[in-house]
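Engineer: Modelling step: build the complete structure from the supplied sequences, incorporating the hints.
Chains as they are written, first to last, in my numbering: chain A, 1 to 434; chain B, 1 to 202; chain C, 1 to 155.
Since the hints were derived computationally from the structure, they do not count as laboratory data.
Each hint should be verified, as a subset may be incorrect.
Just a sample of chain A residues kept apart from chain C, beta carbon distances all over 12 Å, derived [as the list claims (entries may be wrong)]:
1) Q22
2) A66
3) E85
4) K171
5) G233
6) W279
7) D284
8) P311
9) G342
10) V354
Example chain A residues on the side facing chain C (calculated, C-beta under 10 Å, incomplete) [as the list claims (entries may be wrong)]:
11) S87
12) K176
13) S193
14) F195
15) I201
16) T304
17) G353
18) L370
19) F374
Remember, it's a predicted structure, so these values are computed and weren't measured experimentally.
Think of the CB as a built atom: it goes at the ideal place given N, C-alpha and C, for glycine as much as any other residue.
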Amino acid sequence: MKFLNKIILSLLIFSSSYFYSQLRIEITGGTDEPIKVAMVPFEWTLEQAPPLYLHEIVKKDLESFAEFSVLSPEDMLSYPTLEEEVSYRDWRLLKVDYLIVGSVLKSETEGEVNISYSILDVSRQKNVHKAIMMGSLKSLNRIGHNISDRIYEKINGIPGIFSTRIAYVDKPAANKESYDLRITDINGEGDLSLFLSSQPILSPDWSPDGKQIAYVSFEEGTSRIYTQELSTGNRRALKHEKGINSSPSWSPDGKSLAAVLSKGGNPDLYLYDLKNNNWRQLTDHYGIDTEPDWSPNGKSLIFTSNRSGSPQIYELNVSSMRVKRKTFEGTYNARARYLPDGKKIIYVHRKKGVFHIALHNLKTGKISILTDTFLDESPSVSPNGNVIIYATKDKIADTDVLAGVTINGKTKFILPSASGGAREPAWSPILDKY
Amino acid sequence: MQNLFAGFFISLLIHMGLVLSLSNILNIDLLDFQAEYSAPIPAYLVFEQPASISKKEYRRIVINEVTPESKAQVDINEMVLKPSQEILILKSKTARPTIVKEKKINLNEKNRILIFSSIIEEQIRAVWKKPIVPEGLSVELVLSLVPTGEILDVKIKRPSGNEAFDRSALIAVARVNKFENLSMSAKLFDDNFRNFTLIFKP
Amino acid sequence: MKLQRRFLIFTAIVFGLSACTSTSIERTSDATAVSASTTNVYSESSLTSSSTVYFSYDNYNIDSIGSDKIKNLAAIVKKNGLNVRVEGHCDERGTREYNLALGERRANAIAELLIINGVSKANIMTVSYGEEKPSARGSNESSWSKNRRALIKTF
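Structural biologist: This is the structure in structure tokens:
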């Protein structure tokens, strides 16, 4: 009997160990403390000092959304530039999570530098990432942002956005007849004009490969959609139809543009085939349908429609052509944009007469207001889904400015504009993917 | 994965049938195999007791997963630890104390497992810095401890697919290095805490 | 925001990215983005007259002052065989593209009234500028009321 008992027991143990027989403890949510990064000044062997040293560029980037706490060089106990020189005890004392050491060395080739750096995990005394790069001294800033992107992705698990750009329309407060489509790096460097006109320009939208921008220009006295190649400046006008031609949104495969035409008597959504240069109607309603945005998987479009009496957000399934209302709170919800995961959207939401940017979880229906500035509009999401840039008004100075907020609502910032007329920001996709 | 679940389920059924029929033939009383639950326990650890030596301990305890807000804060001082009593009191910050009755279970041991699990959980939570990462990830680590609470070894049992997230869990464990306040009987330690699984969810 | 006119595109190639520790060697290169320019096709050199009709917020109904204006204008247009261009405008509140649609409704309302008063449909052209061409600056009702308008231009 005892023998049989043992057999039964061993069978039971066998079957349960198949799954789990161990104690399981679940950890949900950790400490709120930010990850602490130490960026040790990089070794620099060139004669002349740059405007900003590489480690300063990276430090500035990593600090920009207040996601990390970055240790100041003054607070460091040692200044290693190689992994072998690191005394981990020093950094553990300073409660540093990640340590970055590196060097910028003079190259044999004139005007070039050799860069190497390591990301070290202080707690486990391990090398997380090591890279050696060669580059032109002139592009030190770009290299710096690229390194910031790598560090960000290694630590945070989502892509960094320090090499991305923002397209925007600049209309100087002082000049009524100047509309300027511009692009800038997100840190404000490399700002340049793409297209200048005396007539309105609106709704810039990046192609998924980041090589072209679609926008609306009134240069012919009426709205028309154009695409422009960044590297050549070549413009292409889409086939014009009577009435409004506006609100382009590049499809994720890059082959077509969703846009708005009012040739049927009222604004409806259409699809423009970039290869065959023709329009195909997507929605047909006597109300206003406008502001389409493609879902990241290319299966649906969200858009604004006043078919219920007030502007609300709807979703159109492109294969079934079924339309579903998505917003029910408030009497003004417009210009929605998907987040990269396709599960959440952001849009302009009016509450008690005030316009703010709202984040809306499509699954749970949870809505949170992210901004508290005045007349907020044109929200655009960073390609990693973590930051939103939008246009707002500086009420006191009476200027148009761009502002930003992280998706958790914790960090807010304003991007001052020299002309006082920055508007309609459009965040680029990830451009320099390594 | 589906095959594994199905396979496990079938194997479980066969084994249970085997046990029950054999117990019938051999006239072994397996009534206390079943446990009764009167209410979900507001704790957020999930564990399953392995089938062990004594037949009295055949049971399956599943403690409902709850949201972080209603996490139970087990206070050792508040615990009533009388082996004879069939009552377990958990004190929670948000939820009111819940009384859970379970029949014929050695509650003393379960109490202790809960307490020590929660001690471990608190110490990990205090040092775990979550990266941003996409939603819905989870990583499972297997920890090996020595009776003093020191972590001998940690391995990734099931990675999340996100390197940064997995690393953050490993860092949290490395930062703890040694669990404090884990003084328990050698048997309790060997049965439950020598090797256990930690699941990290954002 | 405006710092440099120069623009650099940075390209990088990575070799041997492995799971945990990785070493990569890259090279960077520079390129520039190019600005485009155009001449505006539309000009107002042959404009003969321009009149303005104002609207209330989120509305495209024409009030009695406006409809009287259009009645008079329609008579002049018919008499002289002029072409009409109607421009719809909005105030800055609300999103730009939605306002572009609202501006078109205002322009269409004017065009309809012109047709009712005998102007041929073929002689009318409508365009909406939404909130892109405000006539008054400032974020207050006095500016907003000046910007919610339709311009009727004759050629």
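Engineer: Which numbered hints turn out to be false for this structure?
Structural biologist: 4, 5, 8, 10, 11 and 18
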